[in-house]
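K.L.:
Chain by chain, the residues run as shown.
Number of protein chains: 2
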Amino acid sequence: MGGVNRQWVLASHPKGMPDESNWRLREVPIPEPRSDEVLVRAIYLSVDPYMRARISPSKNYAKGVAVGEVMQGGGVGEVVRSRAPGFSEGDIVESMSFGWQEHAVLRHEVATKVDPSLAPIQAALGGLGMPGLTAYFALLDAARIQPGETVLISAAAGAVGQVAGQIAKMKGCRPVAVAGSEEKLAWCRTLGYDAGVNYRAAPDLMKAIREACPNGVDVFLDNTAGPIHDAAMQSLAMRARVIVCGRVALAGRFEEPDIGPRFLDRILTQRARVQGFLVFDYKDRYPEALKELAAWYRDGKLQLREDVIKGIENMPKAFLRLLTGDNFGKQLVKVMAK
Amino acid sequence: MGGVNRQWVLASHPKGMPDESNWRLREVPIPEPRSDEVLVRAIYLSVDPYMRARISPSKNYAKGVAVGEVMQGGGVGEVVRSRAPGFSEGDIVESMSFGWQEHAVLRHEVATKVDPSLAPIQAALGGLGMPGLTAYFALLDAARIQPGETVLISAAAGAVGQVAGQIAKMKGCRPVAVAGSEEKLAWCRTLGYDAGVNYRAAPDLMKAIREACPNGVDVFLDNTAGPIHDAAMQSLAMRARVIVCGRVALAGRFEEPDIGPRFLDRILTQRARVQGFLVFDYKDRYPEALKELAAWYRDGKLQLREDVIKGIENMPKAFLRLLTGDNFGKQLVKVMAK
Chain Y
228 MGGVNRQWVL
238 ASHPKGMPDE
248 SNWRLREVPI
258 PEPRSDEVLV
268 RAIYLSVDPY
278 MRARISPSKN
288 YAKGVAVGEV
298 MQGGGVGEVV
308 RSRAPGFSEG
318 DIVESMSFGW
328 QEHAVLRHEV
338 ATKVDPSLAP
348 IQAALGGLGM
358 PGLTAYFALL
368 DAARIQPGET
378 VLISAAAGAV
388 GQVAGQIAKM
398 KGCRPVAVAG
408 SEEKLAWCRT
418 LGYDAGVNYR
428 AAPDLMKAIR
438 EACPNGVDVF
448 LDNTAGPIHD
458 AAMQSLAMRA
468 RVIVCGRVAL
478 AGRFEEPDIG
488 PRFLDRILTQ
498 RARVQGFLVF
508 DYKDRYPEAL
518 KELAAWYRDG
528 KLQLREDVIK
538 GIENMPKAFL
548 RLLTGDNFGK
558 QLVKVMAK
Chain Z
228 MGGVNRQWVL
238 ASHPKGMPDE
248 SNWRLREVPI
258 PEPRSDEVLV
268 RAIYLSVDPY
278 MRARISPSKN
288 YAKGVAVGEV
298 MQGGGVGEVV
308 RSRAPGFSEG
318 DIVESMSFGW
328 QEHAVLRHEV
338 ATKVDPSLAP
348 IQAALGGLGM
358 PGLTAYFALL
368 DAARIQPGET
378 VLISAAAGAV
388 GQVAGQIAKM
398 KGCRPVAVAG
408 SEEKLAWCRT
418 LGYDAGVNYR
428 AAPDLMKAIR
438 EACPNGVDVF
448 LDNTAGPIHD
458 AAMQSLAMRA
468 RVIVCGRVAL
478 AGRFEEPDIG
488 PRFLDRILTQ
498 RARVQGFLVF
508 DYKDRYPEAL
518 KELAAWYRDG
528 KLQLREDVIK
538 GIENMPKAFL
548 RLLTGDNFGK
558 QLVKVMAK
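Taken in sequence, the protein lines are chains Y and Z. Its first residue numbered 228, the first sequence is counted upward by one per residue in the numbering used here. Its first residue numbered 228, the second sequence is counted upward by one per residue in the numbering used here.
By construction, these hints were calculated from the structure, which means they are not laboratory data. For every residue, glycine included, the Cβ atom is placed at its ideal position computed from N, Cα and C. Don't take each hint at face value.
To be verified - With a straight-line cut-off of 27 Å between C-alpha atoms, the simulated DSS-like cross-links for lysine-lysine are:
#1 Z:510 x Y:434
#2 Y:286 x Y:398
#3 Z:544 x Z:242
#4 Z:510 x Z:398
#5 Z:434 x Y:286
#6 Y:510 x Y:537
#7 Z:518 x Z:396
#8 Z:290 x Y:434
#9 Y:290 x Z:434
Unchecked claim - Covered stretches of chain Z, as calculated for chain Y (at least 3 residues, CB under 8 Å):
#10 309-316
#11 482-489
To be verified - If you anchor each label on the Cβ, the simulated ranges turn out as follows:
#12 Z:242 x Y:433: 38 to 44 Å
#13 Y:371 x Z:313: 40 to 46 Å
#14 Z:375 x Y:553: 47 to 53 Å
#15 Z:434 x Y:248: 33 to 39 Å
#16 Z:368 x Y:538: 53 to 59 Å
#17 Z:433 x Y:240: 35 to 41 Å
Just chain Y, same shape as in the assembly:
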C-alpha cells in the first residue's frame, strides 16, 4: 500500500532512569503482509512497566530489545490488509507484539480479534487485557484471596492496581491502596478500596501501612518493589502471601543490585510466602478470565480509567510518566483518530 511507517527504535540502553534520548523515531516504508499475516494500523499503543526490563542489557524472563530494534509493546488497531484466514479489513485486533509503531505486520497467531461491542477497544490493553489478567490471576490464583482478608495493593490506581482493588472488593476482601496522591486515593475509594496510603506524603510509610491495615496484610500485591515493599513487609499477617508482580520503583537503578533490609525473619515467623508472578504463565486460561472481566465491565462492576496522551511522537514521554508514577490510570498513547 506504500506510505510511511513511523516507529521508535532503541537508541541506547539506559543507565539508571531512562530518558527520551534512549529511543529514536524513524520512518520506514509501510511493510506488506505475507501469507498468514495481517497489516494493522495502530489506534492505541500501550506503555507498561515491564518495558523497563526489556530495555535493560541484563538477562530477564524475555528477550530484550537490542539497540536499533523496534521497541516492544502491545497495541490495538485496525486491520488494513489481511492475508491471514479469519481476519478481514476493518477488524479490530490487539497484539502484545505490536511494537512502538504506526503500522505492524503481525502473524495471525500473535493477533487477537477484539469485539468493539464489549468495551472501548483500548480496554484490550488495560482492564480487559494483560494488566487486567495480571490482577485477576495474581489475586485469584497466585494469592488465592479469601473473604475478610486485607489485600494491600501498590500502584493502586495503575493499570493492574485499579482492577485488583475492584476484584478484591468483589470477593469480600478489604483492599487497601498505596498510591502517590490524594486524588488517586480518592478515586480508589470510589472503586471500593477501603483505605489508602499516600506513599509520597506519609512521614513514616511503615506506620501508615500498619495503621491502614490494623490486622496486618494478608495479601500484598507488590507492583513496585522499593520503599513500599520494605514498609509493607513489616506488616505481614500470619500466612501472608506477597505476590511480586512488578518493580517499577527500581526503574532508576534497574541494573544495580537491590540492596536493603531483607525480611527472612518476618517470612519465617509469619510463615509468609513471597512469590514471583508472570501473567504469561496463564495463557491457557486467558479466555475464561477475559470472559469474566468483560462480564464485570458490562455489569458496571468493573470501572476502568485511562490516562491518554496523543501522538506517536510522545511514546517515550508516556513511558517515562509511568516510571515516575505521574500517570493516573492505565497509560495509553492514542496514535490516530479512528
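We have chain Y; now place chain Z onto it with these hints.
P.N.:
Frame of chain Y; chain Z shown alone:
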C-alpha cells in the same frame, strides 16, 4: 524426693553472638510433681538453633526466655515420679518443654512417651523428633519435592539437614549438601547426597553452588540465611521453592536488621516462592510422620549421626558450637548415665 536440681537460667540477653556469660548455672531443690504432672530426670538435653531467637529480646514466633528464667529446650529422660495417668516410673519421655536442667516437672500433655525399642532414646531429640519432623514436612509438604529435582540443603550434616538429604534421595531427587568441612561433605555423600559445597573453602560460593547444581536449584532448604542464602538465590531454577527454616548464620547479629542484596528480580523472573516454615504448624500430623521416620530408621534407610557432649555444665558450650557450625551431627548433651 529431695535433692538438688541444677539448671541453667538466662543471665542476660546477648548482644550479637552469645557467650557463656549469658547463662548462669544454679542449684534449686528438685521439685515435686502435682496432680497430672510427672517428675523426669534428664538423660539427654538438646540444643537447637531456634534457641537463639528465644534469648533475643526481639519479638518472635514464640515467647522468649526472660532474664532469670530457666533456659528453654527439649530433653529426653526417665520418669522418676508420676502423678499423671498413663505415665509410670521408669518410662522414657521426651518433651520440648524440658528446659536446660537435670530434673523437670512436666504436665502430662507436654510429655510424650518414647519407645526405647524403636531407636536410641536420644533420636527423639533428632531424626525421630523435632529436627526430623522439620526435614520431613519442609520437603514433603511445604516444598513438595518431585523426583528429579535438585534439592539444595544448607547445614546439610546438621540435625535437620542429615534427615532432609536422605528423604530427598529416597524420593528420587538430587540432594546437594552445603556444609563447613570436607569431612562433613564426605559423610553427606554416604547418606545419599549427590554433590556438596564446602562453604568455608569455596573461593566463590555462588559459582560453587552453580557448578554443583548445573540445572539450577529447584528446592532450597535454607537452614542458615546469610551468605549461603545469598549465593543460593542466584541459582534458582524456574518455579523454585525456597523454604526458610532457620537463620543460624545470623546468630551473631540477630537483633540487627539483615541488610544485603534482595532477590525480587530472581523471584519474579523465576516465578520462585520463598516461604517461611515452622514445624509446630504440623503438630496434628506428627504421628504419621514419626511412624514413617521410625520405619525408615528400622529398615536402615535413615541414618542418624549425633555429636554428644557430656555434662550439664557444658550446655552453653554445646549451644555455641551449634551457632558456629562446629558440631558434626545432631548436637546433644548427655546429662547422666542411664
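K.L.:
Each hint should be assessed against the structure and marked as holding or not.
P.N.:
Taking the hints in turn, this is what the structure says about them:
1. Z:510 x Y:434: Distance of about 35 Å is beyond 27 Å: violated.
2. Y:286 x Y:398: 37 Å, violated
3. Z:544 x Z:242: 17 Å, holds
4. Z:510 x Z:398: Measuring from Cα to Cα gives roughly 23 Å; hence the hint holds.
5. Z:434 x Y:286: 17 Å, holds
6. Y:510 x Y:537: 31 Å, violated
7. Z:518 x Z:396: Given pair residue 518 of chain Z, residue 396 of chain Z holds - Cα atoms ~19 Å apart, limit 27 Å.
8. Z:290 x Y:434: 24 Å, holds
9. Y:290 x Z:434: Roughly 24 Å separates the two Cα atoms, so the pair holds.
10. 309-316: Per the Cβ count (0), the hint is violated.
11. 482-489: holds (count 6)
12. Z:242 x Y:433: 38 to 44 Å: At 24 Å between Cβs, range violated.
13. Y:371 x Z:313: 40 to 46 Å: Distance hint for residue 371 of chain Y, residue 313 of chain Z holds at roughly 42 Å.
14. Z:375 x Y:553: 47 to 53 Å: With Cβ atoms ~48 Å apart, the hint holds.
15. Z:434 x Y:248: 33 to 39 Å: 37 Å, holds
16. Z:368 x Y:538: 53 to 59 Å: 55 Å, holds
17. Z:433 x Y:240: 35 to 41 Å: With Cβ atoms ~24 Å apart, the hint is violated.
Checked against the numbered hints listed earlier, the structure breaks hints 1, 2, 6, 10, 12, 17; every other hint is satisfied.
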